[in-house]
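Note that the protein sequences, when read in sequence, are chains D and A. Be aware that the first sequence starts at 1, since it is given in the working numbering, and climbs by one per residue. Be aware that the second sequence starts at 1, since it is given in the working numbering, and climbs by one per residue.
Mixed in with the good hints there might be a few duds.
Said to hold, decoys possible - Label pairs and their calculated CB-CB ranges: (1) Arg-326(D) <-> Ala-275(A): 54 to 60 Å; (2) Thr-41(D) <-> Lys-122(A): 45 to 51 Å; (3) Pro-301(D) <-> Lys-122(A): 43 to 49 Å; (4) Ser-219(D) <-> Asn-105(A): 47 to 53 Å; (5) Asp-316(D) <-> Gln-202(A): 38 to 44 Å; (6) Ser-126(A) <-> Ala-276(D): 43 to 49 Å; (7) Gly-172(A) <-> Ala-276(D): 30 to 36 Å; (8) Arg-326(D) <-> Met-108(A): 23 to 29 Å; (9) Gln-247(A) <-> Ser-219(D): 27 to 33 Å; (10) Ala-275(A) <-> Gly-225(D): 42 to 48 Å; (11) Gln-202(A) <-> Pro-308(D): 39 to 45 Å.
Hints listed in this document are in silico derivations from the structure and should not be mistaken for laboratory results. Even glycine gets a Cβ: it sits at the ideal position worked out from N, Cα and C.
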Amino acid sequence: MKGPDIVSLNVEVPVPAPGEDLTPRPLLEVSGLTVSYPSATGPVEIVSGFDLTVARGERVALVGESGSGKSVTARALLRLDHRASVSGQVRLDGTDLLALDDREMRAQRGRRIGLMLQDPMTTLNPVRSIGSQVMESLRVHGVGKTEARKRAVETLDRLGIPDAERRMRAYPHEFSGGMRQRVCLAMAIVAHPDLLIADEPTTALDVRVQEQVLSLIDSLVTELGMGVVLITHDLGLVAGFADRVAVMYAGRGVECGPVGELYRSPRHPYTSGLLASVPRVDRDGALAPIAGSPAQPTSRPGGCAFHPRCARAEADCTEDRPDPRRIGTADVACHHPLVLAGEGNR
Amino acid sequence: MTHPTTGTPILEAQGLTRSFGSRRTTTRAVDDVSFSVAPGAILGIVGESGSGKSTTLRCVVGLERADAGRVLFDGVPLVGANRETQRRFRREVQMVFQDPYSSLNPRMTVEMIVGEGLDIHKMAESRQARRARVVEVLELVGLDATVLDRYPRSFSGGQRQRIAIARALAVGPRVLVCDEPVSALDVSVQAQVVNLLLEMQQQLGLAVVFVAHDLALVRHLCHDVMVMQRGVVVENGPCADVFDRPQHEYTKSLLAAIPIPDPDRDRARRAAAAAERRSA
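Please model the complete structure; the sequences and the hints are all you need to start from.
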């Protein structure tokens, strides 16, 4: 595989070592992401050493409960919070976003990374027309007014807003919840970003509208080859949408793997607990809840943060924090993961 | 879920109607809604936002005045009933609200919150008796006497909902009316509260009216289900029938949109639905 012409094409291409996999460099590479916020009692670490990769055209779900740090992660990737101190590495197509200055970072937002938030009522400006808000992310990147307008109409039309040309002049209050969420999606993707981060994009919506919005995102991934990070607490949603799932607990990734394997044989007790506590419309049976409540950022237990709620916890869980390791197809941070028969616990 | 023996309904609604808005633009939020719940039965009311499910509940418990229709308690219409019946209704029909962050008074201790109903209905002979009853129901919901003097702010969402359930149970109700009692909670905590509700319902033989938008949860919890759309009941019946053989188009579309937490099944189902749309 080692050929001189490959090296001459791009000096940055690493020469693969024997046995190393030859998949192309991922679109997004997050490693060791740590985010902390100031508080009255000193900085509080919300996200600690989080890793994530997203390839082009890949749908990755980031699953977690309140206080797990999933939304803080999304905001940190776009460097939206000036109060947050962010460390680690966030590489988008090789560019380290955390090393950019503010002006360079602005060039990335909207154009390279689109962000879609949960609540369209707070995302949209109530006193500006839909059109001007969708055009904004093109206009700030230097697209002319006529061209921006044309592309905004195209995008709204593509997302199923009837009579898009005329609706450009409408205001958010004239739209229903589902339509507003489509406008938010239009704002996020109008500049054709490489990566879309969608933070609980359908939580405020009814199931039927939720399905429509998700299949829109899904078709955009296929059409534009975007990578998507879908942030959610809803495991049902993830199953039908994502290629890969990353589960977060108390600011850390606890399990990350392909969606099929993760649902069929979850390795981390937290993942398996989450799956067992969701009622399913397709089958009966008692729910098996996880004891206790999610750890709060200000009082996270030492060792493995999940140990007070974990049925498999032993003495080492209270002291040593488990590092992620590969089990089957997943990366799992657990001392005592659930393993299949004959697999062994390495 | 096995269906309890259907006895005389303890709670019945007949032709409830409630409109909002001015004379020019009125919306019928609840339009001729009737249902009944037998002791020990759980009725789920489902529908999307704006379907009138919460307004229906509020009309039943008297938080909202219905324009037409009536509510019967133990077979007796509430309007025109004597004071004793009305008082009994207010004691024996208790409510659990959606958001435990706003339904508990932040300036009251747990003992005051859970014990308030005992005072109102003059059910405690002495302060000791009142405290004993408060501790008893707190233990029923998995808390204990150590929380008596604490304020709501020091509890997590799941614990707050336990306190809200304890408050409802303190006065010995026969009917529990729940409006989305777990939708504000974390996924891992929802199951705890659902199991607690089920356990209480079985242990105390309560009738439950349960409003939710989560159809999977309703199927899991309820014996009967009533599907509402724009204020109207479009379908009702035993859960197993409605979920497995939905008759109304609206019910079918709701059911088809519920995600199933199983990648293979969910994908297969979506592919089938897409193929059906193409051929249609």
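To see whether the hints hold, each was checked on the structure:
A hinted range of 54 to 60 Å is violated for the C-beta pair Arg-326(D) and Ala-275(A), which are about 37 Å apart. Taken as a hint, the range 45 to 51 Å holds for the pair Thr-41(D) and Lys-122(A), whose Cβ atoms sit roughly 46 Å apart. The supplied range of 43 to 49 Å is met by Pro-301(D) and Lys-122(A), whose beta-carbon atoms lie about 45 Å from each other. Range check, Ser-219(D) to Asn-105(A): Cβ separation about 48 Å, and the 47 to 53 Å hint holds.
In this structure the supplied range 38 to 44 Å holds for Asp-316(D) paired with Gln-202(A), their Cβ-Cβ distance being about 40 Å. With their beta carbons about 45 Å apart, Ser-126(A) and Ala-276(D) fall inside the hinted range of 43 to 49 Å. At roughly 33 Å, the beta carbons of Gly-172(A) and Ala-276(D) sit within the given window of 30 to 36 Å. A C-beta distance of roughly 52 Å is found between Arg-326(D) and Met-108(A), which places it outside the suggested range of 23 to 29 Å.
The hint said 27 to 33 Å for the Cβ distance between Gln-247(A) and Ser-219(D), and at roughly 32 Å that hint holds. The hinted window of 42 to 48 Å between Ala-275(A) and Gly-225(D) is violated, with their beta carbons roughly 25 Å apart. At about 29 Å, the beta-carbon gap between Gln-202(A) and Pro-308(D) misses the expected band of 39 to 45 Å.
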